[in-house]
Amino acid sequence: MTFLNPTLAFAALACVLAPVIIHLLFRRRRRPVEWGAMRFVLEAFRRHRRRLRLEQILLLAARTLAVLLLALAVGRPMLSGTTPLESRRPRDLFILIDNSVVSQVRSGNGTEFDGNKKAALRLLDELDSTRGDRAAVIALGAPAERLIAPPTNELGAARRALEALEPTDSGFDLRGAQAIVREIGEPTESRDASVAILSRLRAGAVNLQSEGTGGTSAGKGPPMLLTPPATEEADNCAIVQIEPLRSVLLRNGENAPTQQARVTLKRSGAWTSKPGQVTLRLRAATTHDSTQEQSWDKTLVRFAPGQETLSVLAPVAVSNVKGEAGPARPLWIEGRIDEDAVPGDNVFRRPWKTREQVRVVLIAPQAAPGTASGPESYSAADWFSLALSPTAAGAGIGLETESEPVRVLRVDPAHFSAGDLAAADAAIVTRPDLVEAGAWAILANFTQKGSLLVVTPAPQAGAQVWCDAFTKSLGLSWQFSRESREWSPPAGLVSAEIDQPLFASLGAELADLVKPVSVFRSLGVELKGEGTAVFRIGEESPFLVTARAGGAGSGLVVLFLSSPELAWTNLPAMPLMVPLVQEIVRQGVGLAAGPSTVVAGSSLDSPDELRRVEPAESGAVLGAARNASLLRRVDARGATRELIAVNPDSQASDTGVQPKERLAGYFKQTFGPGELAWIDTSDKPASVEGQGLLRTRNTPPIDLPLLIAGLVLLIADVAMSRWFSHAVRAETQAVAGTVRPESLAEAAA
Amino acid sequence: MSRTEADDTSGVGEAGGAAAPQIDASLYLHPHTLARLSSFELRAKMIVEGLSSGQHRSPYQGFSVEFAQHRPYTSGDDLRHLDWKVFARSDKLHLKQYQQETNLDLIVMVDCSGSMAYGSRTFADASGEGRTKSPDGRTHWSKFDHATALAAALSYITLRQGDRVGLEMFDEEVKLMLRRSSSQGTWRQIVSALASHPAHRTHVVVSPGDDPSPRSSDLRRAIDQTLGQITNRCILAIVSDFFMDLDMVRDALARARHARADVMAFQVMDRAELDFAIPDAAGGVLFEGLEGESLLKIDPRAIREAYLEAVRAHNTRLRTMMLGMGYDYALVNTHEFLGPALAAFVSRRNAQIKRH
Chain D
1 MTFLNPTLAF AALACVLAPV IIHLLFRRRR RPVEWGAMRF VLEAFRRHRR
51 RLRLEQILLL AARTLAVLLL ALAVGRPMLS GTTPLESRRP RDLFILIDNS
101 VVSQVRSGNG TEFDGNKKAA LRLLDELDST RGDRAAVIAL GAPAERLIAP
151 PTNELGAARR ALEALEPTDS GFDLRGAQAI VREIGEPTES RDASVAILSR
201 LRAGAVNLQS EGTGGTSAGK GPPMLLTPPA TEEADNCAIV QIEPLRSVLL
251 RNGENAPTQQ ARVTLKRSGA WTSKPGQVTL RLRAATTHDS TQEQSWDKTL
301 VRFAPGQETL SVLAPVAVSN VKGEAGPARP LWIEGRIDED AVPGDNVFRR
351 PWKTREQVRV VLIAPQAAPG TASGPESYSA ADWFSLALSP TAAGAGIGLE
401 TESEPVRVLR VDPAHFSAGD LAAADAAIVT RPDLVEAGAW AILANFTQKG
451 SLLVVTPAPQ AGAQVWCDAF TKSLGLSWQF SRESREWSPP AGLVSAEIDQ
501 PLFASLGAEL ADLVKPVSVF RSLGVELKGE GTAVFRIGEE SPFLVTARAG
551 GAGSGLVVLF LSSPELAWTN LPAMPLMVPL VQEIVRQGVG LAAGPSTVVA
601 GSSLDSPDEL RRVEPAESGA VLGAARNASL LRRVDARGAT RELIAVNPDS
651 QASDTGVQPK ERLAGYFKQT FGPGELAWID TSDKPASVEG QGLLRTRNTP
701 PIDLPLLIAG LVLLIADVAM SRWFSHAVRA ETQAVAGTVR PESLAEAAA
Chain L
1 MSRTEADDTS GVGEAGGAAA PQIDASLYLH PHTLARLSSF ELRAKMIVEG
51 LSSGQHRSPY QGFSVEFAQH RPYTSGDDLR HLDWKVFARS DKLHLKQYQQ
101 ETNLDLIVMV DCSGSMAYGS RTFADASGEG RTKSPDGRTH WSKFDHATAL
151 AAALSYITLR QGDRVGLEMF DEEVKLMLRR SSSQGTWRQI VSALASHPAH
201 RTHVVVSPGD DPSPRSSDLR RAIDQTLGQI TNRCILAIVS DFFMDLDMVR
251 DALARARHAR ADVMAFQVMD RAELDFAIPD AAGGVLFEGL EGESLLKIDP
301 RAIREAYLEA VRAHNTRLRT MMLGMGYDYA LVNTHEFLGP ALAAFVSRRN
351 AQIKRH
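From first to last, the protein sequence lines stand for chains D and L. Residues 1 to 749 (my numbering) are what the first sequence spells out, left to right. Residues 1 to 356 (my numbering) are what the second sequence spells out, left to right.
On the chain D side, residues computed to face chain L include the following (Cβ under 7 Å): (1) Ala-37; (2) Glu-43; (3) His-48.
Because the hints were derived from the structure by calculation, they are not lab data. Don't be surprised by glycine CBs; every beta carbon is placed ideally from N, CA and C.
Chain D with its partners taken away, still in its complex shape:
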């Protein structure tokens, strides 16, 4: 057992000796009183000796125990493993305040975030730093942020941090906050720790349907204070994604003045059960474009009853962009919807890549002069060249022009270096068998930097021994069959992934283009869950596979399982060939570079400096971006390398309401079973339902139950001493006479 006030406790415990000391002092100083009728005194004493001794023992015990209880009341003992006899220990309060995107839900004149902040400030008012109370403030907007941590008794600093806190567009990072609490909130016997979670706990914050019962926590959790969950539905719609069908705009190409973008919307709240409509506005913009009304393309999006998520193709006018977009003036798409419950998720931005032309390196041996006698003798590289530059003079074999949207450079597979790929956007390997094992690392590096790599099987029959080096370098787990398979009769192609963004612009035409294609020979591969088979041969073997390089976010690998040569397939001679290769290169380059959008709250790992473009230009942005913004990556020379859009976490803006009891169960499982109380968030003076966990301010400086027990014992002692001494009956009739002798009074005094 320890004491909250050990000095006072030990001083007071010493007072236990007081009754004994007083007894000894009185004994030494007492003067005897001469008494004549001593025989009767002795007789009375003998008759009641046992009772008197028992009374004396009881009185001594009561007095000693009373002093002991008073001493303990002053010292405030704390029993190990239990809560204090009263909530008198200093308290550490971890305030976890929700400033995620869903906290922006409008409530009354303000937002629910304002309510959270107000509740947090009230909780701070309940603490008393003079008693050793401390507070930590952790913002729950992802990633969880330590505003005041570890706990401090500078409650003013915590108050200022809360007042300066702003809502974010990121998600609800309860796990991160929990980790912080565990890290900084080491349990001690001398302090109480409580966790207050100030959030309306809408589905965007804690989604009980997707999160299930929450994590499991070992041991007893700290006492928890929760603001009651929201009970009012709030109608909200969020832009989940904007995906332009043309991922890269080529200025040398003939771009349509109005492009298409696939926009995904998600709605939440009570209106999901009813039909609803949202006005979507899109625009393409550069840093110098205004946001005037005429520059927006409006689309009315209609939701069917019960429909929560909807994808629509919406036009976006590229012609409204002032001036030429380019590296110095990067382009982006911005989408907006009507104001609703959560304003933060009504805006979505996406950088839109622009190129003068796509530069493709064709890694294939140069055709021997005079060998090109006809299409039958064309190699796969020749077919690729033709498909990439169909309008080039001389059938495009080995032709290199700067006016074409796609510029093709051919390098020898046996003698290429990283320098050959430096300026390229894509590389096509048609003779992988000629690529040396070490050169695959160059290609892998090239791909992982955000480029496109297209690989076809070696046209020669026999074992495809390059496969191992290829998969190993790119970190793929594909398993090749090594030997090509001959399809007899020739097998037709099946489009497996119509919605593949690589061929999004081909749309419904793709099915018709695929039909005449036949495959005579192909290489077998087992994908093992990595990559996507865009086309299949029949229903079995993949024909075209796409995959992210090494599972990374950027870089795209496109693998043909049948070499585009007439000996393998009739694809080169079919109408599909040109749009297929063109889309692979044009879209692939854009897809390989990655979307350049991140969800608010994600980490921004960039080798270069990031500067904010929208909503207002600012200096460097470090760490995680919690609010929606448009950033530009600036290299050491100050040139803009790319744009990065930070968009609201649309998954976290779900405004659905959830039952209180299930939420309580969720938090008990997440933080461990412990006391849980709901904070009264009304405008009354701060109060807590149930256990009254935060009554530190009103707690007296001594332990009230012990004090009361001590006082009760003292009163009992007085009553006992009067009863035992028969003082009440002292005025009863004597043998004779009732007047007290004055001389005895003097003697006794």
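Model the placement of chain L on the given structure of chain D, informed by the hints.
Below, chain L without anything else, positioned relative to chain D:
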């Protein structure tokens, strides 16, 4: 006729005699008491008459009764003693008083044990006016002082009617004895002897292995010693607090009864001993006995009831014992003046005698 043995002092202890200091009567007999004694002089005389009534049932029918004098009638006097002849001659009411000869003596036995030294009344309050201290310097009026006053009053009454009075002081044994006498100086000798030998607390010297038992009065031994000194019948007036074993008292009284002596018992107790109203004292009161008892610290309130019950039982038993043997008994409170108590006692005794 009464015999005079004023100078005939003998005893175990120190004799008072001529060497006794001259004591002012008002020191022990308060003027109020003296006044009352004067007023019931006749009755006091009748006490002695009563004492002899064992053989002479009526003093007026015997030959030995002869007229002595007249006394004015006072309220309460028996009308049978009115002298109607005088009333017819003078139209005044007078009583006839008779002089008779008696052979009965009064021996006053005063207890001088340690417990008799206790007293809670101030000397100034109890004694005559202007007296604040006793001859030995005490400021409190002890039970022994009150016993002295009582003995003086009894002697005064007895001597006034010409009978002989003797004195004995005793504790564990007879300490002092004055021979019976009816001379004029006897009363002063008795008072001087009592004043010169006040009771003192008993200090018990405890030697190793000795039991420090209390030293209280031994009435049986004192009675034995007294009866051994006299041959005729007499009245024994025992003045004591009777803080002693009552079985021993019973034995002593039985011996007196066997010697055909009459006994009057005056139990002298202080008011504090009767009501045990000890003031509150934190931590209790340390009591010290006057007869060698061990010290005892106790909260007096805690044992008050038991104490009172013990005192009440003791006194009741003593009174029952006395009355059962046909003796007179009176409880005398030192805080009350002797006059009323003595008058009441004499009246009661007279009434008893008349009934016989």
